[in-house]
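Trainee: In case you want the letters, here they are:
Protein chains: 2
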Amino acid sequence: MEQERLTQRLRVFLPLADEAIAPPTPNELNLPTPRIAPPTALAPWCRSDDLARAGHTYGKSFRDVVRALERRWERPPDVVVTPPDEDGVVAVLSWASEANAVVIPYGGGSSVVGGVEAPDDERPVISCDLAALRRVLQVDRSSRAALIQAGALGPDLEAQLRPHGLTLRHYPQSFEVSSLGGWIATRSGGHFATLHTRIDDFVESVRAITPAGPWETRRFPSSGAGPSPERLLLGSEGIFGVITQAWMRLQERPQFQASAVVGYASFSEGVRAARALAQSGLWPSNCRLLDAAEALVSGAGDGTNHLLLIGFESADHPVKVSLTRALELACDHGGTLIEPAKDRDADPTPNDATRQWRSSFFRAPYVRDELARLGLISETFETAVTWDRFDALVDRITATTEDVLRHVGAWPAVVTRRLTHLYPDGAAPYFTVLAPGHATGRLAQWREVKDAVIDVLEASGATVTHHHAVGRDHRRGYDLERPPLFAAQLRAAKRVVDPAGLLNPGVLIDP
Amino acid sequence: MEQERLTQRLRVFLPLADEAIAPPTPNELNLPTPRIAPPTALAPWCRSDDLARAGHTYGKSFRDVVRALERRWERPPDVVVTPPDEDGVVAVLSWASEANAVVIPYGGGSSVVGGVEAPDDERPVISCDLAALRRVLQVDRSSRAALIQAGALGPDLEAQLRPHGLTLRHYPQSFEVSSLGGWIATRSGGHFATLHTRIDDFVESVRAITPAGPWETRRFPSSGAGPSPERLLLGSEGIFGVITQAWMRLQERPQFQASAVVGYASFSEGVRAARALAQSGLWPSNCRLLDAAEALVSGAGDGTNHLLLIGFESADHPVKVSLTRALELACDHGGTLIEPAKDRDADPTPNDATRQWRSSFFRAPYVRDELARLGLISETFETAVTWDRFDALVDRITATTEDVLRHVGAWPAVVTRRLTHLYPDGAAPYFTVLAPGHATGRLAQWREVKDAVIDVLEASGATVTHHHAVGRDHRRGYDLERPPLFAAQLRAAKRVVDPAGLLNPGVLIDP
Chain A
1 MEQERLTQRL RVFLPLADEA IAPPTPNELN LPTPRIAPPT ALAPWCRSDD
51 LARAGHTYGK SFRDVVRALE RRWERPPDVV VTPPDEDGVV AVLSWASEAN
101 AVVIPYGGGS SVVGGVEAPD DERPVISCDL AALRRVLQVD RSSRAALIQA
151 GALGPDLEAQ LRPHGLTLRH YPQSFEVSSL GGWIATRSGG HFATLHTRID
201 DFVESVRAIT PAGPWETRRF PSSGAGPSPE RLLLGSEGIF GVITQAWMRL
251 QERPQFQASA VVGYASFSEG VRAARALAQS GLWPSNCRLL DAAEALVSGA
301 GDGTNHLLLI GFESADHPVK VSLTRALELA CDHGGTLIEP AKDRDADPTP
351 NDATRQWRSS FFRAPYVRDE LARLGLISET FETAVTWDRF DALVDRITAT
401 TEDVLRHVGA WPAVVTRRLT HLYPDGAAPY FTVLAPGHAT GRLAQWREVK
451 DAVIDVLEAS GATVTHHHAV GRDHRRGYDL ERPPLFAAQL RAAKRVVDPA
501 GLLNPGVLID P
Chain B
1001 MEQERLTQRL RVFLPLADEA IAPPTPNELN LPTPRIAPPT ALAPWCRSDD
1051 LARAGHTYGK SFRDVVRALE RRWERPPDVV VTPPDEDGVV AVLSWASEAN
1101 AVVIPYGGGS SVVGGVEAPD DERPVISCDL AALRRVLQVD RSSRAALIQA
1151 GALGPDLEAQ LRPHGLTLRH YPQSFEVSSL GGWIATRSGG HFATLHTRID
1201 DFVESVRAIT PAGPWETRRF PSSGAGPSPE RLLLGSEGIF GVITQAWMRL
1251 QERPQFQASA VVGYASFSEG VRAARALAQS GLWPSNCRLL DAAEALVSGA
1301 GDGTNHLLLI GFESADHPVK VSLTRALELA CDHGGTLIEP AKDRDADPTP
1351 NDATRQWRSS FFRAPYVRDE LARLGLISET FETAVTWDRF DALVDRITAT
1401 TEDVLRHVGA WPAVVTRRLT HLYPDGAAPY FTVLAPGHAT GRLAQWREVK
1451 DAVIDVLEAS GATVTHHHAV GRDHRRGYDL ERPPLFAAQL RAAKRVVDPA
1501 GLLNPGVLID P
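These protein sequences, in sequence, are chains A and B. Once you know that position 475 of the first sequence is 475 in the numbering used here, the rest is easy, because the numbers rise by one and skip nothing. Here the numbering used here = 1-based position in the second sequence + 1000.
Don't take each hint at face value.
What the hints assert, rightly or not - So the derived label-pair ranges between C-beta atoms look like this: (1) B:A1265 with A:S266: 53 to 63 angstroms; (2) A:A399 with B:Q1138: 25 to 35 angstroms; (3) B:D1510 with A:D85: 33 to 43 angstroms; (4) B:T1040 with A:D391: 22 to 32 angstroms; (5) A:P44 with B:A1459: 39 to 49 angstroms; (6) A:D391 with B:H1164: 16 to 26 angstroms.
Claimed, not checked - Just a few of them, taken from the derived set where beta-carbon distance is under 8 angstroms, the chain A residues facing chain B: (7) R144; (8) R218; (9) S222; (10) G226; (11) G235; (12) R325; (13) F361; (14) P365; (15) D388; (16) A392; (17) T420; (18) D425; (19) H474; (20) E481.
Unchecked claim - According to the in silico footprint, chain B covers these stretches of chain A (three or more CB under 8 angstroms from chain B): (21) 16–24; (22) 82–95; (23) 100–114.
Since the hints were derived computationally from the structure, they do not count as laboratory data. Idealized CB from N, CA, C, for every residue including glycine.
Extracted from the complex, chain A is given alone in its bound form (with noise of 0.2 angstroms):
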């Protein structure tokens, strides 16, 4: 129903086709035979039917949904693994080590950027799902930390923890097909807008396996003795090895909430208000600034208004008083209160406007794939810059994605705004394009925007990603944006863990 609404929504701007294509049923897929047969020993863990190789071909963006629906499965793995423990994670290298072949490690498989994909490699290809790796194995109360093992899901991860009084609170979008490893893995961006916005913040120390053994730091506070080796795994998108469990620090249940919706007629006051909020040391839990477009796709407003959402919460006191100081920034920069304040603790439900996005937000990757199958250009993409340039790159992006639009014929069509993450330093925006594809050439129209837009992030001097990761997607951006010689001493570092390049060869960096 909500999905019909958002349907009619946007027939008034874009042209959908009247019948959705139909996604694939299991006859429909017609995989080339697997090249490996596991060791009798791991055969009861692993599965070399379409159906569980289809299921861990692709991630799910926008082109790999595509794909899909097109029923091109391209380098399927051959075999996909869920190996039982930890051990078994050691046993699978050991096989792949053996046979040569490729090993993927797999969490919720919820990339957007190619990063659980195959390589375009001679070799055979292990796909190797953690989801039998899905338990809160300690809780240290105390400390308010728990070891946890990689393959957990979020949902599965959160309902574990709960019945200590403790959460996690990290809610990516994928939060529902996403798993602990993978965040660590890509260095996943979270629930709060401010202080806090990755998982990075919560790794008290992380374990995996590599090709060359165990690799697994100390559980401590802080360390200043050398450099930090947990940020060495973090962001390495399986290169390294698998990442099996993790001490993460965790937090009390919010007891107290505040929040408020603030409009603006122009976004550019919408960015001045963002930014002192978060140069204002208030660190509120939500600050999402969603432009004109994105409120009214995402249905937390009518579209006259761009829509700053400020949430506050606090497992400790009360917070009304940050929100107060965080409105009358927010109004000395323009704004005019759409949704008044509104405590918990008088009132236990959200903003009507701030519900209404987070229930957007959960429900977007499933809407996306929605769209995608009624014809249109579907997808999100995302960067982050300092201040100083960040007016001139959310222009330059915006014009360029609609030229581009223009010029591959996939027009008219709908590019929204919106901030995810602010900094004192600058602020990420994300970006949604909903525009009509040709029927067999969306992957084209799409790729043309795509690289459009690296070019002007790596000219603008932004990021090629805040938190969608690198994968296969994002290496020419990533390989013009990184230090030179620091991607030599990735390598360097790879070679010591994985000397024969079993593990996800291709994302992050060249054999």
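Since the structure of chain A is already known, use the hints to place chain B on it.
Mentor: Chain B in isolation, oriented as in the chain A frame:
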């Protein structure tokens, strides 16, 4: 006068010499002839006189002070070079490569872990002093960031930022004699007791000159593209390259401040209160727990109570409400208000104990040197550990330190404890030792203490250093605690940028 008062206080506990050992005079230096001379082009930046070389032989640890007082200059650098700019640094590395000389990057020379000391190596040694690279090169007001050269010392850097209304607010104890580059190279711990405790969080991008060329990251407020390159350089202690400049995140000068002092009858009650504050999400800027002896020695208290110094600051909003809640928590855990909440709006002077503590804090390194001249073993060490292990660790460290001091005849001694930095999952305890040393054997006595402490840290799951760095002195503990495969990765990463092993050999890793 302040110094005299302290000496009087200490004479109650400790046998101090009547006469202080005189510091060495320039004509007492008698260094071996330098093994290399600079090429003509570099000669104007170079000094090989005894004074320059002796001044760059050691850092500022107790061991360094005693060796200087004993007129021992072990392995002085052959040449001290002060390149005028970054090109000069390139020229120095190029000369070192040709001369097969070791290069030791030198900022303020405040290392307390042997971090600027020459290795036991056949090669000639060049101390590369960054003093001339001391300018703030650019200020980006909208992003509140500045590009600062690495050789700038604390006061100089702050003086250059002041006209812009900005401050780095990084105040390690060595503030007056340490440099931005040194802070970055050692992951220095700073002003803030919670939240942004380390320089790490304020580094937006960093540039270093390595023997293989420049190594520079881009300015992003945050990026999720691969492992953070900055984090490999942060804490690298000069083994990869000479840090020449960095874009740093700055703050507005605080307009609102509020502080109070709470007393505890038992240290462990104070620890409980500190933990509650660390987990409250209030993020006090100051939150230092001093045990009664530390309070007495520093003059912050009279020795009857353990003291918790709590302070908040903000450039944007009043902080009294945060202090009020913090005091509720502090008193819930058995505390008594010793000095009432003070709001700078009403009265600009800080609390007596806080003021006394701050003054003592910055004076401490000088005092320590004076006490060494009076014959004491006078040194500090620190660590960090999760809360579940905290009490046992502090008890064991205290007992071990006292046992060894007794065993080596350095008794009666004073061992004081404080907490310097707090995290939701643990804290950084800091220990000060004052003990009567043998006239000629103080360093051997101290070595026994330090060795025993490192063993306790390792056995108790505590890090070898929270913010003093590794250098040469902490190598044994560091080698035990870091992941072995990570050590191999560090070595591989070093070979990429410094294949001849010119830079700080033996610091962090063996060649």
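Trainee: A separate judgement is required for each hint: does it hold in the structure or not?
Mentor: Quick rundown of the hints versus the structure:
In this structure the hint that A1265 (chain B) and S266 (chain A) lie 53 to 63 angstroms apart at CB holds, the actual value being about 59 angstroms. Distance hint check: the CB atoms of A399 (chain A) and Q1138 (chain B) are about 28 angstroms apart, consistent with the given range 25 to 35 angstroms. Distance hint for D1510 (chain B) and D85 (chain A): a CB-CB separation of about 36 angstroms, consistent with the stated range 33 to 43 angstroms. At about 51 angstroms, the CB distance of T1040 (chain B) to D391 (chain A) disagrees with the hint of 22 to 32 angstroms.
A hinted range of 39 to 49 angstroms holds for the C-beta pair P44 (chain A) and A1459 (chain B), which are about 41 angstroms apart. The given range of 16 to 26 angstroms is respected by D391 (chain A) and H1164 (chain B), whose C-beta atoms sit roughly 21 angstroms from each other. Restraint check, R144 (chain A) versus chain B: the minimum CB separation of about 6 angstroms is within 8 angstroms; hint holds. The beta carbon of R218 (chain A) comes within 6 angstroms of a beta carbon in chain B, closer than 8 angstroms, and the hint placing it at the interface holds.
A least Cβ separation of about 5 angstroms between S222 (chain A) and chain B falls short of the 8 angstroms threshold, and the interface hint therefore holds. The interface hint given for G226 (chain A) is met, as the beta carbon of that residue sits about 5 angstroms from the closest beta carbon of chain B, less than 8 angstroms. Annotation: interface hint on G235 (chain A) holds; nearest CB of chain B at approximately 4 angstroms, less than 8 angstroms. A hinted interface residue such as R325 (chain A) counts as satisfied when its beta carbon comes closer than 8 angstroms to some beta carbon of chain B; here the least separation is about 5 angstroms, so the hint holds.
Because the closest C-beta pair between F361 (chain A) and chain B is about 18 angstroms apart, greater than 8 angstroms, the hint is violated. For P365 (chain A), the shortest C-beta to C-beta distance to chain B is roughly 18 angstroms, which exceeds 8 angstroms, and the interface hint is violated. A hinted interface residue such as D388 (chain A) counts as satisfied when its beta carbon comes closer than 8 angstroms to some beta carbon of chain B; here the least separation is about 5 angstroms, so the hint holds. Violation of the interface hint for A392 (chain A) is found here, the shortest Cβ-Cβ separation to chain B being roughly 12 angstroms, above the 8 angstroms cut-off.
The restraint placing T420 (chain A) at the interface with chain B is violated, with a minimum CB-CB distance near 11 angstroms, outside the 8 angstroms limit. For D425 (chain A), the interface hint holds, the least distance from its beta-carbon to any beta-carbon of chain B being 4 angstroms, beneath 8 angstroms. The interface hint given for H474 (chain A) holds, since its Cβ lies 7 angstroms from the closest Cβ of chain B, which is under the 8 angstroms cut-off. Proximity of E481 (chain A) to chain B holds as hinted, the smallest CB-CB distance being about 6 angstroms (cut-off 8 angstroms).
Evaluation of the coverage hint for the segment 16–24 of chain A: breached, as 0 residues show C-beta separations to chain B shorter than 8 angstroms, against a requirement of three. Coverage of the segment 82–95 of chain A by chain B is violated. Counting CB-CB distances below 8 angstroms, 0 residues qualify, and the rule asks for three or more. A stretch counts as covered by a chain when three or more of its residues have a beta carbon under 8 angstroms from one of that chain; for the segment 100–114 of chain A and chain B the count is 0, and the coverage is violated.
Going through the hint list in order, the structure does not satisfy hints 4, 13, 14, 16, 17, 21, 22, 23.
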